[in-house]
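Going by our numbering, the final residue of the sequence shown carries number 119, and the count climbs one at a time with no gaps.
What the hints contain is simulated information worked out from the structure, not anything from laboratory work. Misleading hints may appear alongside valid ones.
[Stated by the list, open to error] Listed below are the simulated DSBU-like cross-link pairs for lysine-lysine, each with C-alpha atoms no more than 30 Å apart in a straight line: (1) K100 - K47; (2) K100 - K68; (3) K100 - K79; (4) K79 - K68; (5) K68 - K90; (6) K100 - K90; (7) K47 - K90; (8) K47 - K68.
[To be verified] Restraint ranges, calculated between C-beta atoms of paired labels, are given here: (9) R49 - G14: 16 to 24 Å; (10) S21 - T61: 17 to 25 Å; (11) K68 - P91: 15 to 23 Å; (12) A18 - R106: 34 to 42 Å; (13) T61 - S11: 30 to 38 Å; (14) G57 - W109: 12 to 20 Å.
For glycine and all other residues, C-beta sits at the position ideal for the given N, C-alpha and C.
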Amino acid sequence: QVQLVESGGGLVQAGGSLRLSCAASGSTLRLVAMAWHRQAPGKQREFVALITGDGTTIYADSVKGRFTISRDNTKNTVFLQMNSLKPEDTAVYYCKTSPLGRDYWGQGTQVTVSS
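Generate the whole structure from the sequences, applying the supplied hints.
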């Protein structure tokens with residue numbers, strides 16, 4: 005069983021920055037890819053960024069160059085550094101991992117970007 009707990013969301017003005025954290029417990033995930041997704045009001049959940057166990061990263065085009073995903077395997081934690089935030093980045097951000105093919109999601113953290 006894996007538990008994921010996100011933190012770091014909040015209200016920020018456009019152009020500002022936030023750093024999200026996702027702490028995993030219940031299993032060692034250092035070899036497993038971890039990802040961030042987000043869901044804006046009235047929209048489907050969408051992929052934001054992913055980091056593999058060896059540190060390879062993938063980003064959605066909408067956040068490329070502004071967001072950076074990283075991980076600290078000693079703390080079983082993944083981060084999402086978000087810079088140059090835009091109002092359209094407003095959403096609930098979720099952490100996800102899929103060890104052995106089973107999906108685990110966190111409860112989400114709200115990010116609101118004001119114009």
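Checked hints:
With a C-alpha separation of about 18 Å, the suggested pair K100 and K47 falls inside the 30 Å cut-off, and the hint holds. For the hint pairing K100 with K68, the CA-to-CA distance comes to about 19 Å; that is within 30 Å, so the pair holds. Proximity of K100 to K79 is assessed by CA-CA distance (about 16 Å); at most 30 Å being required, the pair is judged to hold. With a C-alpha separation of about 26 Å, the suggested pairing of K79 with K68 holds against the 30 Å cut-off.
Taking the CA atoms of K68 and K90, the gap is about 13 Å. The hint holds against a cut of 30 Å. With a CA separation close to 23 Å, the supplied pair K100 and K90 stays within the 30 Å bound. Between K47 and K90, the direct Cα distance comes to roughly 17 Å. Compliance with the 30 Å bound is thereby established for this hinted pair. At roughly 20 Å between alpha-carbon atoms, K47 and K68 fall within 30 Å of each other, so this suggested pair holds.
Checking the proposed 16 to 24 Å range against R49 and G14 shows it holds: the Cβ atoms sit about 20 Å from each other. The beta-carbon spacing between S21 and T61, approximately 18 Å, falls within the hinted interval of 17 to 25 Å. Under the hint 15 to 23 Å, the C-beta atoms of K68 and P91, about 18 Å apart, fit the expected range. Checked against the hint of 34 to 42 Å, the pair A18 and R106 passes, with Cβ atoms roughly 38 Å apart.
Checking the proposed 30 to 38 Å range against T61 and S11 shows it is violated: the Cβ atoms sit about 21 Å from each other. Hint check: G57 to W109, Cβ distance near 19 Å, so the stated range 12 to 20 Å holds.
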